[in-house]
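Listed below are the residues making up each chain.
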Amino acid sequence: MLYRPGRDERKRIHNSIFLLTGAPVLPAPQAYSGVVINTLEESAANATTTAESSATVLVNGEKVPVYRAGNDFNLKPGEFKLTPNGPYPARGLSLNTDPLKLPAGAGEPTQIMSIPEELQIIKTPRTGNEGHCDCLPIDLTTSEWDFQQMLYQINK
Amino acid sequence: MSLIIHYLNGKSEEMESHYAEKEYRDDIIVELNGLYYEVYFFTSGVLKYEMTNDGFFAFPGLIILDEISTKSIKDSILYLETLGYFLKFNGLERLDQEKRFIHNWYANKLSFDINRIESEKLW
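Protein chains in written order, with numbering that gives the first Met the number 0: chain A, 0 to 155; chain B, 0 to 122.
With the rest of the complex left out, here is chain A (with noise of 0.2 Å):
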């Protein structure tokens, strides 16, 4: 029977559907098959601190030298966004493994060289871009301006 719920109800709905306060359907390791999705925690025994060393993501357990498209770290407006249930799919600065599928406008690729620590770079890939990725804050309560602030220390 087809009834048109009450104004309670379509906000109990609404909240059981939006904010989504149960747990997720689908773990973000297992999201996609045949790549190795960092989880948070792996995200940030992996991001590199150093100098030593390039920025790695983790794919398929092997870590992998990170680019940005030009020399440019500044958020655009809206690129910064957080989902209320967790970690996944939170999106930050695009960054890619692969050079060669960074967009040509955007200047000659940049290679990242260390991140601080309070940042990670996790595993974002899309169809016939297997090695995109985001830089986000670790700690997912950071504001956009202290998440600015960290980009702005990355070693490059």
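None of these hints come from the bench; they were simulated from the model.
Result set (DSSO-like, lysine-lysine): computed pairs, CA atoms no more than 27 Å apart in a straight line:
#: 1; chain 1: A; residue 1: K75; chain 2: B; residue 2: K47
#: 2; chain 1: B; residue 1: K120; chain 2: A; residue 2: K75
#: 3; chain 1: B; residue 1: K98; chain 2: B; residue 2: K108
#: 4; chain 1: A; residue 1: K100; chain 2: B; residue 2: K10
#: 5; chain 1: B; residue 1: K10; chain 2: A; residue 2: K75
#: 6; chain 1: A; residue 1: K80; chain 2: B; residue 2: K73
#: 7; chain 1: A; residue 1: K75; chain 2: B; residue 2: K108
#: 8; chain 1: A; residue 1: K75; chain 2: B; residue 2: K98
#: 9; chain 1: A; residue 1: K80; chain 2: B; residue 2: K10
#: 10; chain 1: A; residue 1: K100; chain 2: B; residue 2: K70
Everything numeric in this text was worked out from a predicted model, so none of it was measured.
Dock chain B against chain A, hints included.
Positioned in the frame of chain A, the structure of chain B alone reads:
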């Protein structure tokens, strides 16, 4: 009678490149005959990540493109208008950008400086 695209983040080459890399564009509002409609453009490839936690993804006015470019966005809007696509939604006489659905979905505010907005009249 008019069909206008409002680019809240502007439509410079820099923004074109930015959103092409992101494979989504979520700063577009369509104005059709004086009524505003929120639309969101994604490639199919980027949606996998959007569904990471929840197993589903839904925005009102979600339009899937093979690539994110100003041309593909304009072409899709022009074609969808001929099909009566926008008549299936409630156009608003006033659309506060902070009332867009994207603010329900993401936890942080995603508003754009009014000075960044650029608009394009298609007809």
